[in-house]
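Go ahead and model the full structure; you've got the sequences and the hints to work with.
Going by my numbering, the sequence shown opens with residue 7, and the numbers climb by one from there.
Watch out, some of these pointers could steer you wrong.
[As the list claims (entries may be wrong)] No more than 25 Å apart at the CA atoms, straight line, and that leaves these computed lysine-lysine pairs for DSS-like:
#1 53 / 39
#2 90 / 39
#3 93 / 39
#4 53 / 82
#5 39 / 82
#6 53 / 65
#7 82 / 64
#8 93 / 82
Derived from the structure by calculation, the hints contain no laboratory data.
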Amino acid sequence: MLKLLLIFFTVILFSFKITFAGNLDFSQTDKQKHFFFSSIFSIGFNKHLYINQITPNKKNRIIETIFYSNIPGLIKEILDHQEKNNKFDTEDLKANFLGTIAGTYLSEQTNYPIFIKYSKENIFFFTNFKF
Numbered sequence: 007m008l009k010l011l012l013i014f015f016t017v018i019l020f021s022f023k024i025t026f027a028g029n030l031d032f033s034q035t036d037k038q039k040h041f042f043f044s045s046i047f048s049i050g051f052n053k054h055l056y057i058n059q060i061t062p063n064k065k066n067r068i069i070e071t072i073f074y075s076n077i078p079g080l081i082k083e084i085l086d087h088q089e090k091n092n093k094f095d096t097e098d099l100k101a102n103f104l105g106t107i108a109g110t111y112l113s114e115q116t117n118y119p120i121f122i123k124y125s126k127e128n129i130f131f132f133t134n135f136k137f
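Okay, structure coming up:
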């Protein structure tokens, strides 16, 4: 049920303007890109920490993922600020933050051990994924 609510919230988020510490207009393509790329980056970073057992503690892994996954968006905004006719956009940072939250949540929901069973003829990968 929680996953259905998350999907519903995401659809609503991209369909309408929402208020999150001010007006954040997710109908703009730019905000959707920030959300999407931050989500993808946080999923990859979280999987890296989980699979390589760099941060086995779930709480610390979530904190590290959210913190480090926001850095590329912050760097992009700093570089944008240095360009002529461009500005540092806090709305983009909000979209990045929401993207990292969504990506981290999705990644943590799919962090299950992967088992490999093999013989001379076949290799099988399976997991104990609960959907």
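We went through each hint and held it up to the structure:
For the hint pairing residue 53 with residue 39, the CA-to-CA distance comes to about 21 Å; that is within 25 Å, so the pair holds. The hinted pair formed by residue 90 and residue 39 meets the criterion: a straight-line CA distance of about 22 Å does not exceed 25 Å. Of the pairs offered as hints, the one joining residue 93 and residue 39 holds, with about 17 Å between alpha carbons and a cut-off of 25 Å not exceeded. Between the alpha carbons of residue 53 and residue 82 the distance comes to roughly 23 Å, so the proposed pair stays at or under 25 Å and holds.
Restraint check for residue 39 and residue 82: satisfied, since their Cα atoms lie roughly 13 Å apart, inside the 25 Å limit. Annotation: proposed proximity of residue 53 to residue 65 holds, straight-line Cα distance about 14 Å (limit 25 Å). Under the criterion of a C-alpha separation no larger than 25 Å, the hint pairing residue 82 with residue 64 is inconsistent with the structure, at around 28 Å. Our distance criterion of 25 Å between C-alpha atoms is met by residue 93 and residue 82, whose separation comes to about 11 Å.
When each numbered hint is compared with the structure, a violation occurs for hint 7 only.
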